[in-house]
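Colleague: Given next are the chains, with one letter for each unit.
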Amino acid sequence: MSNNQSQVHRRHFLKTSATAIGASALAPTIIPSSALGRDGAIVPSERIVVGGIGIGRRGGYDLGCFLQQQDVQFVAVCDIKQKRRGEVKQIADEHYGNQNCATYRDFRDLLDRKDIDAVLIATGPNWHATAAMMAARAGKDMYCEKPVTKNIAQSLILAETMRRTGRVFQAGTQRRNLPHFAFACELARTGKLGKLKKVYAHPRGMQAMMSGWLPAEPEPEKDIVDWDMYLGPAAWRPFNKKLLDGFNFEKGGGLVGGGVLEWGSHCVDLCQWAVNDCLPPVEYNAPKNGELVARYENGTKLIFREKGWIPLGSCPVRFEGETGWVEAGDSGKIVLSSPELLAGHEVAEIGGYPATYHVRDFLDCVKTRGQPKGNAVAACNAHIACHAANIALHLGRQVKYDNTTHKFINDEPANRLRSEALREPWRL
Amino acid sequence: MACKHLAIHGSGDAVPELAKLLPDPQLSSWARIALEAIPGRRPGEALREAAESLEGRLLVGTINSIGVRRDAIAVNLLETLLKEEDAEVASAAAVALGNIANDAAARALRESLFTAPSSVRSAFAEGCVLCAERLDAAGRSDVAAEIYDQVRTADVPTQRIVEATRGAILARKQAGLPLLMETFQSPNNELFQLALSTAREFPGVEVDQALAAEMVSAAPDRATLIIQAMADRPKSVVLAAVLDSARHGNKRVRLSAIEALRRVGNESCLPALLEIAVDDDADLSQAAEETLAALPGASVDQQIVAMLPKAEGQNLQLLLKLIGQRRIDAINGVYAALDYSDPAVRHAALTALGETVKLNSLHRLISEVVNHRHPDDATVAQQALGVASARMPDRAACVLQLATAMERASEATKPILLEIIGGVGGTKALEVIGDAAMSDDPQMQDTGSRLLGKWNSVDAAPALLELAKTAPKEKYQIRALRGYIGLARKFAMSNVERAKMCRLALEVSTRLEEKKLALDVIKLYPSHATLKLAVSAQQDPELTDLATIAAQEIERKLTADGSDVSGVLSRPQ
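Going down the list, the protein sequences come from chains A and B.
Sequential numbering from 1 applies to the first sequence in the working numbering.
Sequential numbering from 1001 applies to the second sequence in the working numbering.
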């Protein structure tokens, strides 16, 4: 194994500049002087023009990562809230020293712009898949926050849509681009732990989270808060300000509430990478003793568990093979069953799960048309695993999933939970 | 929530009541959640019936659900709706037909595509593409290709053309290769981008030859990207073409090829990459070096080792550097380089040893540090030994070797070895450093106490406390005591243990500064144990006021948490 396969590679041939990311593992990318315009700015033909949809708290952080990249030109923001449109516009205008950031209430107007190459989607989870697919059909690439889908059908359609449209999709599962997680997954994938027996994910809660229906409050003017657009594909309910912001509408998890999705969409994504991005597990059992056990076709187990972790920060994962194990978390640290596994390699410890590298990966793939690490197929498989686990949790029993038919085997109740109708006029 | 419940548990008997909700703007989608999920013919009937009377968004929603259910019986109805004036309705009908994708649906879409108004043509094209995709998956690729070709010639947005072109290429299987290559040459950048992504999924190996040829003739900006697409097909990539592009031509193309070799290269690329790595162009040489460090395969390692004996100058330095970066076991070859007169070569060899030497050969690197064969190698040798020692899996055995060497080392070298032992860490290292701090040698006292003072685990506590009491010089006692207090501050431990450490620190402290530091830790971790300690610290005349304030603060925090502190407090007289 090369000692820097788990590093984030620089693309010297792309006319980009690495940002100040503070990781000693990375040195600045070199920009040939021919690529630079006057005063060192990136020439327009090399810029990626980006618009933002639903830039709230998380989206604001993502936007910061985008603005750090010299080859990004952020030109427009869409939000259902007037206040937020103004706030994001101010951030962009101050960054560029002009007044050029456009604002929209309806994201379809933003998608209609021919000059926009890519969009950052950071709406509430009820919109992620629908907005991503509309953006793809409009000819845009996208960086879409997680969880990216609400159910199994959405996950499959997402992967199909990105294939069909040829668009570049990056799910906001940025841990794939962090060196210590990448190293841990590489140990698992390349057999350094022996035959892989178990992969563990921390779901951060295995209860369904349902928003339901709250008492009606007077609905604000559309221009202030566009409630209809905020609901989007979610079934109608009256306006209530408690439903604005944050994680609502069944916590991204459709009919059953997405308990496992909160950290599952990150941790299971890493587990999927550890098992070489194979198809999702074929069997899921109801939780027992604080663990929900799923099983891949080859017998490896995917275990969702809440407790028993080495304190390595949030979103921990653990991979156990016949001859060794590794555990990693958001502190940036990894713990190994034997220092031999490190084999003298230096793995950069980047704590705090920054998205900078993930954004850079996305932008590079926008240029090369390659597949970024959090691509639609990877996201699809990880999310199917989470949704199927949620279904087992909801039904309180085992379910078995067929990766060929993409359905549960002889299980009508489980199959009914694979999808959910969208509110008109929205479709996937 | 009733609708959600019915979605999961409802039967056809629930359909009539659900159907009544379809005209309701607020409840229609709730009803459709159940109607899409309930199997059987009754939901389909209800949706079709509703579609006959609904309008606007409600009709769109109903049509969408018909499409999700892939209700073939609805084709005639949907075909009628293609002609609706409401563009949203007509568009929804087109997409629903695309999802149904039987012959009738395909016919309806194909017949409408060119005559559809511009407001709906994009959706009609989308319907056609969806239909073609399903037909292709069902083995009717010829029909699929026809539909795709139709869309490609229609007056529709570029994105639809992109989708149809991809479909047309892939539906034709190997016969789609000419169309793929034609797309590479399109002046339209979106179609070129489509070619890049489709090339990655195109089956067979002929495409790799075609890509190699296209790359050579393409403009540099495009060639750069074609190479990346080639490298994303590692099993069948034409490696010779990538390698050739790395060696000659436009610089951006070369950089792209060099980067691609990181993923697809093998030992055959070594000579060329080694040549580029010593190029005058810094961009190219750095890229080549990085690729060399990452080039996959054990045979690459073997070849590097085989090249070592005959290499000279810059090449030799580069090979040594690679041995270190790739962690290649080539100890004998690397040691031979230590005898070179060129310091740059010796330094490269030392650095490589730092990355590769194992415990059973560590003594040779230690010897380089202790024996000073070449004075200007000293710093590099020490760094290398530090790196190597920190890598050793058996820390105790490593420390033992270093400690043994320390005994016979010069006065100037002893502290250096002690620093390296500090970098290794572990119980044995702690023991050696503790002994050094208590020795008669002033330099070792200084180095030992400093290393102990910044030790990063609670294991060092006993040694630090002892040193704080008995170190030969006051400044080392202070240093040790501060380190001890620092451990009580930084690390997780029980309240009782922490209070005990603070008490011992206070007992040993002779200066107000250290007493204050201990008191700060007491305040930082409020507990009954630290409250007791703060109260008893009031007896120290130097600390009465500060200890009183600390006690009050702790009491406040504990009380706020609901803790009973009576019986612990006593006020000063």
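Treat the hints with caution; some may be incorrect.
Straight-line distance between alpha carbons at most 30 angstroms, and here's what the computed DSS-like set of lysine-lysine pairs gives [as the list claims (entries may be wrong)]:
hint, chain 1, residue 1, chain 2, residue 2
1, A, Lys-333, B, Lys-1428
2, B, Lys-1358, A, Lys-195
3, B, Lys-1083, A, Lys-114
4, B, Lys-1358, A, Lys-192
5, A, Lys-333, B, Lys-1454
6, A, Lys-241, A, Lys-222
7, A, Lys-333, B, Lys-1083
8, B, Lys-1523, B, Lys-1500
9, A, Lys-195, B, Lys-1235
10, B, Lys-1557, B, Lys-1532
11, A, Lys-192, B, Lys-1500
These stretches of chain A come out as covered by chain B in the derived footprint (C-beta under 8 angstroms, 3 or more residues) [as the list claims (entries may be wrong)]:
hint, segment
12, 76-85
13, 368-381
14, 385-392
What the hints contain is simulated information worked out from the structure, not anything from laboratory work.
All C-beta atoms, glycine included, are put in the ideal place defined by N, C-alpha and C.
Colleague: Against this structure, judge whether each hint is valid.
Modeller: Outcome of the hint check:
The straight-line distance between the Cα atoms of Lys-333 of chain A and Lys-1428 of chain B is roughly 24 angstroms, inside the 30 angstroms bound, and the hint therefore holds. The straight-line distance between the Cα atoms of Lys-1358 of chain B and Lys-195 of chain A is roughly 27 angstroms, inside the 30 angstroms bound, and the hint therefore holds. A threshold of 30 angstroms between alpha carbons decides the hint, and for Lys-1083 of chain B with Lys-114 of chain A the separation of about 28 angstroms falls inside it, so the pair holds. Proposed proximity of Lys-1358 of chain B and Lys-192 of chain A is supported: the alpha carbons are some 19 angstroms apart, at most 30 angstroms.
As the CA atoms of Lys-333 of chain A and Lys-1454 of chain B are separated by approximately 21 angstroms, the hinted pair is consistent with the 30 angstroms bound. Distance hint between Lys-241 of chain A and Lys-222 of chain A is fulfilled; the C-alpha atoms sit about 14 angstroms from each other, no more than 30 angstroms. Between Lys-333 of chain A and Lys-1083 of chain B the alpha-carbon distance is near 61 angstroms, which puts this suggested pair outside the 30 angstroms criterion. Among the hinted pairs, Lys-1523 of chain B with Lys-1500 of chain B is consistent with the structure: their alpha-carbon atoms are about 14 angstroms apart, no more than 30 angstroms.
The suggested pairing of Lys-195 of chain A with Lys-1235 of chain B holds, with an alpha-carbon distance near 24 angstroms, which does not exceed 30 angstroms. Taking the CA atoms of Lys-1557 of chain B and Lys-1532 of chain B, the gap is near 14 angstroms; set against the 30 angstroms cutoff, the hint holds. Between the alpha carbons of Lys-192 of chain A and Lys-1500 of chain B the distance comes to roughly 44 angstroms, so the proposed pair goes past 30 angstroms and is violated. Against chain B, the segment 76-85 of chain A contributes 0 residues with a C-beta closer than 8 angstroms to a partner C-beta. That does not satisfy the three-residue criterion, and the hint is violated.
Counting residues of the segment 368-381 of chain A whose CB falls under 8 angstroms from any CB of chain B gives 4; the rule of at least 3 is met. Three residues within the 8 angstroms Cβ limit are the bar, and the segment 385-392 of chain A against chain B gives 0, so the coverage statement is violated.
Consistency with the previously given hints fails for numbers 7, 11, 12, 14, ordered from lowest to highest.
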